[in-house]
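Number of protein chains: 2
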Amino acid sequence: METKLKGTFYGVSVGPGAPELLTYQAAALLSACPVIASPVTASGRSLALEVVRRALGEEALAGKTLVPLRFVMSRDPEELENSHRLAADRVRSYLDAGQDVAMPNIGDVSIYSTFSYLQRLLQAEGYSTAMAPGVPSFCAAAARLNQPLTGGMDSPLTIAPVSCAENVLDAPGTKVLMKSGRQLPALLKALEQRGDLARSALVCDCGLPNEALYPDLSAERPAGNTGYFSTILVKE
Amino acid sequence: METKLKGTFYGVSVGPGAPELLTYQAAALLSACPVIASPVTASGRSLALEVVRRALGEEALAGKTLVPLRFVMSRDPEELENSHRLAADRVRSYLDAGQDVAMPNIGDVSIYSTFSYLQRLLQAEGYSTAMAPGVPSFCAAAARLNQPLTGGMDSPLTIAPVSCAENVLDAPGTKVLMKSGRQLPALLKALEQRGDLARSALVCDCGLPNEALYPDLSAERPAGNTGYFSTILVKE
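Residue numbers (the numbering used here), protein chains in the order written: chain U, 1 to 236; chain B, 1 to 236.
This is chain U alone, in the form it adopts within the complex:
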């Protein structure tokens, strides 16, 4: 009797966006996998795949199967779960055919990544999964601002999505708020009311051509919304 080996599902961190921030491991995995499944926006754009293209070159993708994964941006748990199941279905068909699938992820794949949801679903069905770590957006943002994220050894660092900001702004040490998008104006207002703007910085689209740095939000801040990939640092 013949047993067909199933493929492995890899979550591959590609860093915040600058192609030189890929690791050797990420580049090797993306080059080796015959299938690249990447999240696309409603307009069909895939930021993660664009980073892969810039890092490895168009020719590295020749002959590969590119699978766009559509995820809803929703707060309805059922709608989200359904969107994750549909994406897992798409990935599963390649794994069943014995092909390894790499899913490139902006930043690091262990921190608030979409890969985690698909990984959980496919692991529960017995599929093999693996993760390649990378440079998180907040580490790259700190480097662009040329300042450490942490204070002394007695001071913690708290990371949270902006949607969860109110629960962490009173934590000791530095706070990092990720994935702001539409919630940024409300957060800036909250920081102003708390008197925190002068110790807060903002980095939008770190390492991308449209990058914007605001090292002191009390001196200058963006007029309106910024992209989803905005990182706010609030120092103690």
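Hint data in this document are derived by calculation from the structure and do not stem from the laboratory. Mixed in with the good hints, there may be bad ones.
[Said to hold, decoys possible] Below, in silico cross-link-like pairs of lysine to aspartate or glutamate (DMTMM-like), each with a Cα-Cα straight-line distance of 20 Å or less: (1) U:K179 - U:D89; (2) U:K179 - U:D76; (3) U:K189 - U:E166; (4) B:K179 - U:D154; (5) B:K179 - B:D76; (6) U:K179 - B:D154.
Fit chain B to the supplied structure of chain U, relying on the hints for placement.
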């Protein structure tokens, strides 16, 4: 009148230890800088330099000036400050001679790094400094355990040195405790008393030849001390 240009002091993240977790940017910077200044232990060993050697090959270091930096392991602020000043003095002499100096750092250079202290001292004197971000140990540990660091989007992530553990164990979300060394047995005891062992994992020397994984500390734990580069994850 002639003005001699001074060198730049680069903090270069090399990731947790596995050579394939260097970024392209880190490799390029380390290859370009004529001086590599790296922390050494009392026995003269430099883990950061060993990672550079394995990643770039011995020949990449040929012709470079290798500067060992000795730091005291002390809780006395004056002794620490003095040790940082002596290291800054060594780096400064090369910068004054117009040479760029790269200081390789295990993990990411923005998070509890020794580079930050030297950077602050040299920046205050007007020297140019820059940072290359990298893969933090906790992201690599999560990848080795093949599990996400974060829960849902309403749950934060708190990072702290083990010395600061008691201040963060009650925080919501996942807690990451870094740089344990001698304090590990006391932390394990505290986790046991809190009933947290079954949701805690430990990764020692992630990606190095002597790596050890303890995915469930209620099932198995190390007998004695582990190295300085141990990462503990405590899930919510």
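Do the hints match the structure? See the list:
no. : hint            : result
1   : U:K179 - U:D89  : 26 Å, violated
2   : U:K179 - U:D76  : 18 Å, holds
3   : U:K189 - U:E166 : 12 Å, holds
4   : B:K179 - U:D154 : 12 Å, holds
5   : B:K179 - B:D76  : 18 Å, holds
6   : U:K179 - B:D154 : 12 Å, holds
Hint compliance for this structure: hint 1 alone is broken.
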